[in-house]
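S.K.: Now that you have both chains on their own, put them together as the hints suggest.
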Amino acid sequence: MRAYLPAYEMETPQDLAAALERLAAESGVWKPFAGGTDLMVLLEAGKLPHKKFLNIWNLEELRGIEVRTEHVTLGALTTYAEVQRNETLAREFPLLCRAAAATGSVATQNRGTLGGNIANASPAADSPPVLVVYDAEIEIVSAGGARWVHYASFHTEYKKMNLHAGELIRRIRLTRKHAGWKQYFRKVGTRRAQAISKICFAAAARMEAGRIADVRIAVGSVAPIVLHAVRVEESLRGQRPGDAVLQAAQDALSAEITPVDDMRSTARYRRQVARNLLGEFLEVLAG
Amino acid sequence: METRVIGKSVPRKEGREKVTGRARYVDDLSFPGMLHGVTVRSPAARGRIRAVHFEGDIPWHEFTVVTAKDIPGKNCIALLIEDQPCLAAEFVSHPEEAVVLLAHHDKYLLEEARRSVRIEIEPLPGLFSIEDSLAQKEIIWGQDNIFKSFYVEKGDVDSAWARAEFVVEGTYETGAQEQLYIEPQGMIAQVNGAEGVTVWGSLQCPHYVHKALMILFGLPRERIRVVQAETGGGFGGKEEYPSMIAAHAALLARKSGRPVKIIYDRAEDMVATTKRHPSRTRHVTAVSRDGKLLAMDIDFTVDGGAYETLSPVVLSRGTIHAAGPYACANVRIRSRAVATNAPPHGAFRGFGAPQSVFALERHLDRVAEAVGIAPEELRRRNFIREGQTLAVGQVVKEKVDMNALLGRAFELSGYHAKRKQFAAENSDARGAIKKGIGFASFLHGAGFTGSGEEYLASEVAMEAMADGSVHILAGSTEMGQGTNTIFAQIAAEALRLDCEQIRIVQPDTAHVPNSGPTVASRTAMIVGKLVETAATKLLKTLRDSGFLREGYSAEDFSRACGEYITAHRELKSFVKYEHPRDLHWDDQKYSGDAYGAYAWAVYVAEVSVDMRTAEVRVNDFVAVQEVGRVINPVLAAGQIEGGVAQGIGFALYENVVWQEGRMVNAQMTNYVMPTSVDLPAIRVCFEEIPYGRGPAGAKGIGELPLDGTAPAIANAIAHATGVDVRAIPVTAETLLEMLEAVHA
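So the sequences go chain by chain: Y and R.
By the count of our numbering, the first sequence reaches residue 287 at its end, each step adding exactly one.
By the count of our numbering, the second sequence reaches residue 1744 at its end, each step adding exactly one.
These are calculated hints, taken from the structure and not from any lab test.
Glycine residues also receive a C-beta, built at the ideal position from the N, C-alpha and C atoms.
Among the clues, some could well be false.
Unchecked claim - Derived contacts from chain R toward chain Y, CB cut-off under 8 angstroms, selection only: (1) E1112; (2) N1665; (3) N1670; (4) T1675.
Claimed, not checked - One side only, chain Y facing chain R, incomplete, derived with CB under 8 angstroms: (5) R2; (6) P6; (7) G46; (8) T190; (9) R191; (10) I196; (11) R264; (12) T266; (13) Y269; (14) L277; (15) E280.
Unchecked claim - In silico lysine to aspartate or glutamate, EDC-like type, Cα no more than 20 angstroms apart, as pairs: (16) Y:K51 - R:D1057; (17) Y:K51 - R:E1112; (18) Y:K47 - R:E1055; (19) R:K1074 - R:E1222; (20) Y:K47 - R:D1265; (21) R:K1107 - R:E1268; (22) R:K1211 - R:E1195; (23) R:K1107 - Y:E9; (24) Y:K47 - R:E1268.
The shape of chain R in the complex, shown without the other chains (with noise of 0.2 angstroms):
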């Protein structure tokens, strides 16, 4: 299909902005009068506030001093359900929450007074770890610790063991990960009579931050007003935690009758706000001789934290994720998000996926293992195919040739002459580099799980003014991964303009109707869809108004617009989304059309691993996916290099070391992501099937290469050493245990 602009890499909508300092970011904004607001934290895990002092050698009186009592409303960051405090008023239930507020007009006296608060507290014991929230040591959460637990259930699981020729089991462990966005998280908050509370800030969901900011302040929705400014980065970690730094900066705001700005610097961000949640997954898989999946019995936990947060919502993808691009008659999953005394651990690129494809994949290696087949075979032997159905149910009706993707991946990597190269060469026991290969195969999901999208009805505006620019209005936010120039991209091509000629408006709740949270891999496939549309009932308008013919230019286009605007004072569409009448999910049974379509992908990683430190180098990476029409090339491979990138660190390097629920590297020397000079070239490969609900035929692409990156690491160490990982991060430590192990 012949397109104007669609499936180029026009530029960036506001790289200029950023490359040349202009644009503004919230700490780069000031208000006349503006104090400063800090958060005085909790010292413990978990226990009851006795008393909070005020000490030192500071001015308390002039001071801005907020706790819960001052909470005009009702005392919670409401997401899902209202578990979570916005201040802790009798309880603590993990380190760093937040206790008591602090403004003044001097930052750096803030910091001084911040540290001459004490807040004692009388401790009760805590819950660090999976196997102690399951064994319920401590009810810290409801009546069993268990937030959201799911059970998936296809064919029956049960019977299959009797004629299995194999069953291999495993349990695999992923840790904790950082967003690590390069802007911290920060807000400024302005509160009066007359207006409300309004907000400006870093954040990803500008309708997710209004919702709890009505009701804590008990206001009606005309009264509160959310502003994204320039965001640096989110990567899920600025889904819901700006909700609570917005609350806090309100908070303040209320009090003092001045605008207040927090602003996190990167030790409060990293200890403080959410990380990916670590996991545990238990596999019992049964297979046949000939190597077909006959059974797999998948027992999924992830550590929510404290609170509820967006646990339930993460455990939901990381379940439908779990088995992964294959047909099997017999599938079981069970899974439940448990309740620590940590941080809450929130969204983060993947939201659970990540978690269970990486135990997913690495397992399926050992049962290759078992079966004596080599790992491709395995999974040629059970890829899923069109008209065959995913462990939840859907029958899937994309096309889809998983074993195309697998072969374009092993001839650009060179897969088996280096599978066996590596082999001969690794056999030389004196040798201090050893090499391997590996890969994973794996789906992604793209919008909201299920019902999702039908309750979220998000919406979008498009408004053409007199001189023919059109305007996008959505909730939908640039943070970095390229919204704003696809969104340009979508409607000028559906109006045969150029992207200059397409404005996006500042996502603002006071001018933008909520096009619904910028997560999920959603925003290209399910708003972008929605931007297509109404692009195409204002040009629809137009063209029934009289005033645009056929083969019309850019000025043609313009005149139009203002002819009509003349006429009618203003040309405008507006659409809300529909959901497919044929995609259908049970709640209850947790079954049906997971998702509107999937994203499907062979990464393949190279890697070797220096026998005397145990540390792993990743020597080549092979990204091949299919993701429907790409919209912008350079951006969809940036967002393919970006996430292998932060998947390299989720494999090797990036370990957050936890004492009591508290992070105590939270530096960036030595909480450790990787460099450029850690990374090895990424090679980005797209096969392009257009999705016929998508706009222009695009799926979604954000969160997918988080997913395959890990376990084709993992793969290519166990290759490598023949040392069985089954957790990771892999540290040079953990690495060095296990290859002692393997060599005693």
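Isolated chain Y, as found in the complex (with noise of 0.2 angstroms):
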């Protein structure tokens, strides 16, 4: 342990009220801390600058996965554990599980959770992608009321986001509207399990007469932050997946992603990497 315990701080509030009205009283003083998962390794390493830490964990207006209708919801504080565990998603957002699955140990998966992942921003985690694609929404609460943002707009560029001051993410919202699509997902780490992505791509589509009527696409670890790429959707709307339709989706891709060289991959792995996964999603929407 590098960190120098004594110099930091933790309050845990007793309900989402409380919390909010530290968060409000005391404007970026106090940074909320849920499973832990990301920014325990940042202190063990001694590298952990903000001091005082509200502890979230116990919320339970932060938990639960609902299912409703049109929706399922799940709480800002559901592991990666409970995502796995919960049939609905497994029937019409599997790509979810999948996520789920594939981040980090068993240990992570108990005690990461979807809203700390997404407040971290890292354009390499493993469930964003996965989010864009099923066009999710995120409620966004403060001391002064409620949000709901579409979660595809909500990083704004590298470790940035439409989240203020005072404001907690509350709940995720999945439209459910994916049965039937053809649905996507592989993580490429450094090895097998317990790794980081060095290219995430998750991506699902629906088929209409062998055409592509509409699909969503979004690729981690290409960009500062995870990309929907927006363009290379355009190039397959409306078309059969072929060759020619595969050239100009690549094409498109490689124009949308701005992928670097860094400790565990290459930029030009990277790039090449995205346009092979491309292909393997055409291929799956055409057999």
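M.R.: This is how it looks when you write it as structure tokens:
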């Protein structure tokens, strides 16, 4: 442990109202601490600059998976383990379950939360591409009220997002409209388990008579934020999967992504593999 | 031969303690008044230390601060030579070199203090590659940046080129690799006037630490004591580095007058301690029309990092293994270890051989291709046989049948059928998965090289107690590999007792004789033989005394020990290594009997390559080896499985990312070792030909599996994809680029 522990403070509010009040009263002072799977790594390394944390792990208002006719709503503190155990998600939102199963270790899956994953804003996170594909909405609450935003526009640039001081992510809402869609997810990590993504590709399409009627594609680790590949989607809508369509879509993808070299992989690798995975997705659609 | 316990998988001696959490590792130990210590390290790769600033809001007066000025003896970590400082005084030669030591009772405040020491350095240009070091862009060590070089010559290489039908050339590279023992390095030291210096720690070689501390403190032998705590893995990483951390803890203990504990966290362990030497090997090989090796010209270079440490010895083993288990009349090996401004590279299971064996076995597949014969056919035509001479001039006197090992490995792996099947399946150009199968054939010498064992002159003692328990006293350490258990088996067999009656005394330089370092696949074969001899002597003493008759039971033995001790006070035996008279080694010519015995092996790897992501998966692995008599089958198979797993990491995953001599991916998330889901079934098969000089016929085994794993995998990747693999690790990134080149 390299952190100087006495410099850190953590408080545990009784309920959501108390938490929001605390956040509002001392704006920017308190940072929420959910499962801690990202923050503890930084603390261990002595690289956690923020010192005051609000432990929100016990807030019941942020828990639970609720299935309604139109939507499935997941509390922000839903863990990856809980995601994998939910039957509705397994049936209608299988990509979310696969992303959850591909995240970290079993211990991480027991502590790590969807809300924390969103707020940590890593472009290499495994579930955000899936949330973009399912066009998830997220509810953001503060002492002053609540608002819903589309997740696809939530992140603005590297580690920047549409979340202000005093606000918490409360829930994630998925519209139950993907039954019958062809769905694809592939995480290319540094190894087969307990790995961070080098590229994470999620996509789903509604097919009508062999044509792509609607499609959503999102890719992680190829841009400063999880990339919603809108131009690729445009190039595919109304098309039949095939070599010419693939070529155009791949070119659109190459133009949209801005991968970099880092210690885990190279820009060149990410660029080529993103193209290849798009090819694999189109094979799924054609098959 | 009927045996009691040899060849039986008796449980690990210390297994129960370990799985129940009762085993005490160094970080489990605590002493009254103990302080914690940390090391402040160089931010630069090379330069002159201008000043050290103690900054921040830190109560510095509460801290014990040690710099080079506080060293009572010589400022060095004595090993082969004395070039490496214990603490940098004027110059730093690599990133993370130790400059200042701090101790305090509050380990959290200590970390804050470590961050508040600023070492001001006037930078000097550094060397960060073998090429730059050889080109002498700077002179950073000695006259020419070369720690050591060897020249091995057999026959006349230059006479062979003219009559060769084929001449095949190639250059091969291997990367650095972390040992990644589960327990990071750690040490506790206590220094006082009466007893001198005592250290307890996680280590492989107590007497290496002992020697280093004697010179650092300028104290006589009896004023230094080194005790091995339970050790959670070593793999060579705790061969030489523990001397450094012991020295640091002891300096802080001396100055503070309190016991001091230093425990590295994983990040510090990865960034500051030793790794496997990166290497570059160039082969030029002359071959006849029918695939006979006419000449092998081998040039082998390893990157030793900033100080010499064990580089000459690593280079030696790599050099001797560079020509493999083949009979070739003309061989020339030129090799050298060079200096760069990286932390010193050091001992790691295999010790130079995995590097040169990778180059050779990958190269021979390319030679076979050039000749137009199957890779196994090339090996078969050149395998060494009993009575033939290895590259260093050693006549093979053991029974060796590489063809039989190859046949067995191929049979177990279904090699021929798969070779054919994969070639057919891979011909579909659109196939997303390509499969391949490849192998490597190799040898590994057990024990110290050449006259090393003679110089070491290892010693083992044994003492029987009045209750009939027998204690083994040796400096050989248990670090997870099974020393305690096989020693107990060897002694029990010789004494005709059960293993429970044998105790292994904790290695402690105050109480055990120096049985040499626990390295070089020497513990079972060399020290085990001393244990066997000590047991035989003990038994003879008891018999000659008349207290013990033929056909005795365990109770008889215990009674006899009691009676003997009543009569003679104690019952002990003591054995010193005697070098076999028929083993000769010439250090000048670098020729002769390099090792008393070799393990022989053929490993087969089956891989699949995902053409979309260039990810390689090892689907099946067969490891066939002849290692003499197997003492404990479960432990022996565990050694091979673990070694193959480490070899898979070496081949595919473990990639140290360097930036000006510093490892920048020093976390286990970003330095990627394979997990259990990345590993195939590893099928281990032992052929046993008892070795006359080993205990119960055993040879060395520990390092062997690191040698053949990586080249077998590289050859399988080449078979699957047609890519000419020249360097490891074969990461998905490098393979993708090579695939693009092949298909362009």
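S.K.: Please go over all the hints and tell whether each is borne out by the structure.
M.R.: A quick look at each hint next to the structure:
1. E1112: 4 angstroms, holds
2. N1665: 5 angstroms, holds
3. N1670: Status holds, d = 5 angstroms.
4. T1675: Hint holds; T1675 (chain R) Cβ to chain Y Cβ min 5 angstroms, cut 8 angstroms.
5. R2: Check passed: Cβ of R2 (chain Y) comes within 5 angstroms of chain R, closer than 8 angstroms.
6. P6: Cβ of P6 (chain Y) sits 7 angstroms from chain R, so the hint holds.
7. G46: 6 angstroms, holds
8. T190: 4 angstroms, holds
9. R191: R191 (chain Y) check passes; min Cβ-Cβ to chain R is 5 angstroms, inside 8 angstroms.
10. I196: 6 angstroms, holds
11. R264: 6 angstroms, holds
12. T266: 5 angstroms, holds
13. Y269: 4 angstroms, holds
14. L277: 7 angstroms, holds
15. E280: With a closest approach of 6 angstroms, the E280 (chain Y) hint holds.
16. Y:K51 - R:D1057: The given pair, whose Cα atoms are some 17 angstroms apart, holds under the 20 angstroms limit.
17. Y:K51 - R:E1112: 14 angstroms, holds
18. Y:K47 - R:E1055: Holds, at roughly 19 angstroms.
19. R:K1074 - R:E1222: 18 angstroms, holds
20. Y:K47 - R:D1265: Since the Cα atoms of K47 (chain Y) and D1265 (chain R) sit roughly 15 angstroms apart, the hinted pair holds (cutoff 20 angstroms).
21. R:K1107 - R:E1268: Holds. K1107 (chain R) to E1268 (chain R) sits at ~15 angstroms (cutoff 20 angstroms).
22. R:K1211 - R:E1195: 16 angstroms, holds
23. R:K1107 - Y:E9: 18 angstroms, holds
24. Y:K47 - R:E1268: 14 angstroms, holds
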